[in-house]
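Q: As a plain string of letters, each chain reads:
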Amino acid sequence: MADLSVEFCGIKFKNPLVLASGILGVTADSMANVVRCGAGGVTSKSLWPYEHMGHPNPVIITSEHWMLNAVGIPDAGPEKAREEIARFREVCDAPFIANIVGGVMDDYAQIASEVATMHPDMVEVNISCPNVEDELGKPMACSIGKSAEVTRLVKERLREAGSEKIPVVVKLSPNVEDIVSIASSVLDAGADGITAINSVGPGMVIDIDFARPVLANKVGGLTGPAIKPLSVKYVYDIYKAKKCPIIGTGGVTTGRDAIEMMMAGAGLVGVGSAVWLHGPEVFGKIAEEMNEWCDANGVKKISSLIGKAHENR
Amino acid sequence: MKIVNTLPRAVTIKEVRVETEQVKTFVLDISVGAKPGQFVNVWIPGLDEKPFSVAMDNGSELHLAIAAVGPFSNKMHELKAGDRVGVRGPFGTRFTCKEGEHLAFLAGGYGAAPLYFFAHEAVAKACTVEFIVGARRKDLLLFTDRIEKLFSTSSALRSSLHVATNDGSAGHKGFNTEVLEEIVGKEKISCIYTVGPEIMMFKAMKLAQAKGIDAQISVERYMKCGFGICGNCCVDGLGVPTCIEGPVMPLKKVLKLRDFGSYHRDKLGKKIAF
Ligand SMILES: Cc1cc2nc3c(=O)[nH]c(=O)nc-3n(C[C@H](O)[C@H](O)[C@H](O)COP(=O)(O)O)c2cc1C
Ligand code: FES
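Residue numbers (the working numbering), protein chains in the order written: chain A, 161 to 473; chain B, 1382 to 1655.
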C-alpha cells in the first residue's frame, strides 16, 4: 500500500483526486457521495454572488473521447451555497474547495466576501469559463492585467473578512496565447496556486439531420480524454516556470493518467468528465490503479512523484 | 449497456394519438431498446430538450405519452405525423419483477403509461397485477381501455384494473391511494410499483413500509443532462443522480432520501417544497 495522501497549500487530502468544478457539484449530499466513492476532496459548481440562469438544453453531449458542454453555470446564489457548505461540513470531513465566478469585476469581490464566511478549505477562482461573458470578455478575465486584478480583489476580500488563511487558487483557461505569463501574473498578485485547465475551445458539433449545432448555446467547452495531452503540457509548462501548487485537471480517467498529471507537476488532480464513463466510483477506481502502479514500481509516497518528469530531460 | 455516445438521433413522428384533453401519445419511428421505467431525452431543435418516461418500446416503435403542462410539452402537442424530433437515451433504471408474483401498480398523472408498458412484462411473467389508475375526473383517466384490453387476454385474466376519481365520475370516489390501501389489506401483494405525483408516491411508500411490502418508486427530479454529469437531479440523503440510480428506486433506497415527499430542486438547484 503506497501512501496516497498529499498536502496541498497546507491542506491534507487522503488522496490527490478532487472532483472538478461543475460535475455533480450542485448539492452537499452529492459531493459527499463523491467522497464516499473515493475522492480526496471536492470542488463546488461555480458560485455566483446572485442567481444566475444557465443555458437551455441540450447542455452536454458526449462521444467516446470527449464531452462538449455549455451548461452556462446556473446557480441559486449565496444563500443556497451557505446552506449546502454547512451541510457538507455536517456529513463529510474531506476538504471542500469553493469555486467562485462572476461576470464583472465587482461580482468576484462580492462572492469572495460571501464565501469568506462560509469557511471553505480553499477558494478556486474561475476566470476561464468559455461559456459566459460579460465586461471581462471571452475567455473571461484572461488577460494578464485582469487576471491579476481579480486575484488581488479576492485576496483582499478574504483578508477583510478575517479569512486570509484560506488559500486561493486561480483556474486558468487554455484558450490564451500564453498561459504561463497569466499564471505568473496571478501568482504575483497573491494566488497560492493554479488550477489548469478549464475546458478547451469552445468547440461545436453540428447535427447533419437537423443541419444545426446540437448545443443550445451552439458552442461549448471541450473536456474529457481528448484534451489530456493539452492539460498535461500546460501543467508541465506552469510547473517548470513557477514550481507552484497546481491542481492538474483535464482528461484524467485512469490511475496512469493521474500519475502522468502529477509527474507534469500537479499536486492535486482534478477529475470531471470521467464521471460520465465510470460514474462517481471512478475516484475509487483511479486511486486503486495509482496504488497498484506505485506498488509495482516501488513508490512509497505518491507525493514523491510531483514534478518527476522534470528531472529527466 | 453503457451509452457512450450521447448525440441525439433525428426521429420521425409516425403518429400522434389524442388520449385525453391533456395527454397525447407520440409514436416515434425508432426503437431505442428502452425498458419499462426508463426515460429518453426529446429535443425540439431551437427550443429545448426534456426527459420523458417511455410509454412503450416494442422493438420497432417508441411511444411517449406527453401531458401538455409547459412551453416544451405545449410545443410537442403542436407537432404532427411527419415532423421530426431528436432523441437520446434510453437512460436510467427500470422496473423489475419475478415470475408469478402478485403486484400492485399505482398510477397518477401520466404514470399509467410507463406502468402499462411494464404490465406487459409482468403479465408475460405470469404475475397477477392490481392496476390502480387515478385522475381528477373520468375523462382524464389515462390508458384504462388499453389496460382492460391487456387484462382480457387469456394469460392475464387474474389481473384487474381499479379506478379512482376525485369527483366520483368513475370508480372509487377519492384518492387512488385509498384503493391501494384496501387492496394491500385484502391481498398478499409482494411489491408496489408507482409513478405519478410525489405526494401520492409518498403515501404509497409509507403504506409499503407500514405493511412490510417491497416497492419500486419512480423518483423524478429536474434533469438537464440525463446521464449523471450536471448534478441537477441529485437527491438529498443518498446524494446520487436520479438519472442514473433512478428514476426507478427500490423502497430501501427511497427510505434513505431526505427530500422525497418534502422538497425538490429547481433548475438552479434551489429547494422547492411540494
Ligand atoms: C458539464 C461541465 C460543467 C463544468 N462547469 C464548470 C464550472 O462551473 N466551473 C469551472 O471552473 N469549471 C467547470 N467545468 C470544467 C471542469 O471543472 C474541468 O476543468 C474540465 O472539465 C476538464 O477536466 P475533465 O476533462 O476531467 O472534465 C465544467 C466541465 C464540465 C464537463
Ligand atoms: S440530469 Fe444531469 S446529473 Fe442527472
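Hints should not be assumed to be uniformly reliable.
[Claimed, not checked] Short, incomplete list of chain A residues facing chain B, as computed with Cβ under 8 Å:
1) Val219
2) Ile221
3) Val231
4) Arg372
5) Gly439
No lab work stands behind these hints, which were simulated from the structure alone. Just so it is clear, CB atoms sit at the ideal spot from N, CA and C, and this is done for glycine as well.
Q: I'd like to know which numbered hints this structure contradicts. Please list them from smallest to largest.
A: none
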